[in-house]
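Trainee: Full structure from sequences and hints, please.
Top to bottom, those sequences are chains A and B.
Residue numbers for the first sequence follow our numbering, beginning at 1 and rising by one.
Residue numbers for the second sequence follow our numbering, beginning at 1001 and rising by one.
Be a bit skeptical, because a hint or two may be false.
Covered stretches of chain B (chain A as the covering partner; in silico rule of three or more C-beta atoms under 8 angstroms from a C-beta of chain A) [said to hold, decoys possible]: (1) 1076-1085; (2) 1094-1108.
Listed next, the in silico DSSO-like pairs over lysine-lysine satisfying Cα-Cα at most 27 angstroms (straight line) [as the list claims (entries may be wrong)]: (3) B:Lys1018 <-> B:Lys1229; (4) A:Lys181 <-> A:Lys30; (5) B:Lys1115 <-> B:Lys1055; (6) A:Lys61 <-> B:Lys1069; (7) B:Lys1074 <-> A:Lys61; (8) B:Lys1115 <-> B:Lys1129; (9) B:Lys1003 <-> A:Lys61; (10) B:Lys1104 <-> B:Lys1078; (11) B:Lys1026 <-> B:Lys1074; (12) B:Lys1104 <-> B:Lys1074; (13) A:Lys155 <-> B:Lys1129; (14) B:Lys1069 <-> B:Lys1026; (15) B:Lys1104 <-> A:Lys155; (16) B:Lys1055 <-> B:Lys1074; (17) B:Lys1129 <-> B:Lys1070; (18) B:Lys1115 <-> B:Lys1070; (19) B:Lys1129 <-> A:Lys61; (20) B:Lys1003 <-> B:Lys1026.
Keep in mind the hints are simulated off the structure, nothing from the lab.
Just so you know, even glycine gets a beta-carbon here, dropped at the ideal spot from N, CA and C.
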Amino acid sequence: MNYFYDIVRAFSDGIFLTLIKDDRYTYLVKGFSSSIVITLLSAVIGVILGLLIAVFRLRGKGILSAIANGYITVIRGTPAVVQLTIIYFVILGQSGLSDVLVASVAFGINSGAYVAEIIRAGIMAVDRGQMEAGRSLGLSYSQTMVSIIIPQAIKNVLPALGNEFIVLLKETSVAGYIGVKDLNKGGTTIASVTYDYMVPALCVAYIYLLMTTSMAAAISKLERRMQRSD
Amino acid sequence: MIKVMDLHKYFGELEVLKGVNASVEKGEVVCVIGPSGSGKSTFLRCLNLLEEPTKGEVYLDGVSILEHKKDIDKLRQKTGMVFQQFNLFPNMTVIENIMLAPRKALKMSEPDARKRAAELLARVGLTEKADQYPSRLSGGQKQRVAIARALAMDPEIMLFDEPTSALDPEMVGEVLEVMKQLAREGMTMVVVTHEMGFAREVSNRVFYMDEGIIYEEGTPEQIFQNPTKTRTREFLSKVL
Chain A
1 MNYFYDIVRA FSDGIFLTLI KDDRYTYLVK GFSSSIVITL LSAVIGVILG LLIAVFRLRG
61 KGILSAIANG YITVIRGTPA VVQLTIIYFV ILGQSGLSDV LVASVAFGIN SGAYVAEIIR
121 AGIMAVDRGQ MEAGRSLGLS YSQTMVSIII PQAIKNVLPA LGNEFIVLLK ETSVAGYIGV
181 KDLNKGGTTI ASVTYDYMVP ALCVAYIYLL MTTSMAAAIS KLERRMQRSD
Chain B
1001 MIKVMDLHKY FGELEVLKGV NASVEKGEVV CVIGPSGSGK STFLRCLNLL EEPTKGEVYL
1061 DGVSILEHKK DIDKLRQKTG MVFQQFNLFP NMTVIENIML APRKALKMSE PDARKRAAEL
1121 LARVGLTEKA DQYPSRLSGG QKQRVAIARA LAMDPEIMLF DEPTSALDPE MVGEVLEVMK
1181 QLAREGMTMV VVTHEMGFAR EVSNRVFYMD EGIIYEEGTP EQIFQNPTKT RTREFLSKVL
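Mentor: Right, dumping it as structure tokens:
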């Protein structure tokens, strides 16, 4: 009985110290919004970059395709946290951009490589006849790609893309390396004051879980909407 | 309207077209018949550069399409094409399928494109299907939509690549009926087909293709009643 009482007591003290005392919950709220902003921005950058790179790779020859291949090799072959460090300290460090923006660019560039491969697979799964039909109507290659092929490709790979966005969101938790006050950093900041790691870590984990599950729900809703034409 | 000179096409080592010469006049309906693998579809696909000829010349309205590859999108707007597998855009409704090319390639306004698409749908008898997705249509209906989609660009010539080969037998008639109507209205047509009845009844001329060339050509009467060459006779005795 006493043991049980001690645990509850430790927990409630922990919650008080972690969240309530000195308004410490604001570290988590601010961290949460930074994490959301970085995820959304980098997802947008990643999709745009991914589409371009996928099309460059599919065209198969020339300098653009070589650049695309090199980009994918380097980005997939090195850890995101190392890329983040390089982009922050070596490339954009003196640019005066806010650290949230630098992180968004870094994670966007990182995600673009994975998105490119996902979309390339989606484009290759679209029937060849679709391109021929578009071209035979007098549409250009890029008009056919944008209006006909890519919408079908994205529909094909929506589950894989959703997965990539969830991975991306979790990956942003290393943004603290360059001093971004993201959600994870918010948790460790609180812990460094209270010397209690358990409660902040559990809170941070729970908030990430909420974010990823809502993201998964949004993706499945989108999937169902796109299945109208089946 | 179309003139083809000494057209050759290789796929790797395989020579599919071995020097095709042909011409199609305005308002003519030409049916291309022949055994599988004789190059009929490849010939048709060279006419709008879906396949690039290895050698030879294709003139459309006197313009060499091989010398004007940069303008191929403009040139293709003059040639509508209908495919064996329909190739409708599955993510768009029937009317959106028809409106897409006029909107994007001709920059037609949305109300104009919609009006034109509705007229074309009425012409192929599918007004009530306008807002359905292609997956809800039968094969015959899909092919009629595909014809309407090609007509939306106001082509001068229509190319048909075995338009009824993927259809259940009971749906062949409705598609051929639309094509006959088009022919009566004076559309220039090149039709690769296995429908000998259609070829005999509707076409002005028949190309019999074999061994990668136009082996024999003539009016339907000449080809179907008095073929002069042995291979033509053999082929027709198998299919008639």
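Trainee: Please check whether the segment 1094-1108 of chain B has three or more residues whose CB lies within less than 8 angstroms of a CB on chain A.
Mentor: Answer holds; 4 residues pass the 8 angstroms Cβ test.
Trainee: For the pair supplied as a hint, Lys1104 of chain B and Lys1074 of chain B, is the alpha-carbon distance within the 27 angstroms limit?
Mentor: 12 angstroms, holds
Trainee: Does Lys1129 of chain B lie within 27 angstroms of Lys1115 of chain B when you go C-alpha to C-alpha?
Mentor: 15 angstroms, holds
Trainee: Is Lys1115 of chain B within 27 angstroms of Lys1055 of chain B, Cα to Cα?
Mentor: 42 angstroms, violated
Trainee: Quickly compare the C-alpha distance for Lys1026 of chain B and Lys1074 of chain B to 27 angstroms and report which way the hint goes.
Mentor: 19 angstroms, holds
Trainee: Take a quick look at whether Lys1003 of chain B and Lys1026 of chain B sit within 27 angstroms of each other, Cα to Cα.
Mentor: 11 angstroms, holds
Trainee: Does the alpha-carbon distance linking Lys1129 of chain B and Lys1070 of chain B stay inside the 27 angstroms limit?
Mentor: 37 angstroms, violated
Trainee: Does Lys155 of chain A sit within 27 angstroms of Lys1104 of chain B, going by the straight-line distance between their CA atoms?
Mentor: Status holds; Cα separation ~22 angstroms.
Trainee: For a C-alpha distance cap of 27 angstroms, please report whether Lys1003 of chain B and Lys61 of chain A respect it.
Mentor: 33 angstroms, violated
Trainee: Decide if the proposed pair is consistent with the structure: Lys155 of chain A and Lys1129 of chain B, CA atoms, cutoff 27 angstroms inclusive.
Mentor: Within the cut-off at roughly 24 angstroms; holds.
Trainee: CA of Lys1018 of chain B to CA of Lys1229 of chain B, is that 27 angstroms or under?
Mentor: 18 angstroms, holds
Trainee: Is Lys1074 of chain B close enough to Lys61 of chain A, meaning Cα to Cα at most 27 angstroms?
Mentor: It holds: about 25 angstroms lies between the C-alpha atoms, which stays within 27 angstroms.
Consistency note: the structure conflicts with the earlier hints numbered 5, 9, 17, 18 and 19.
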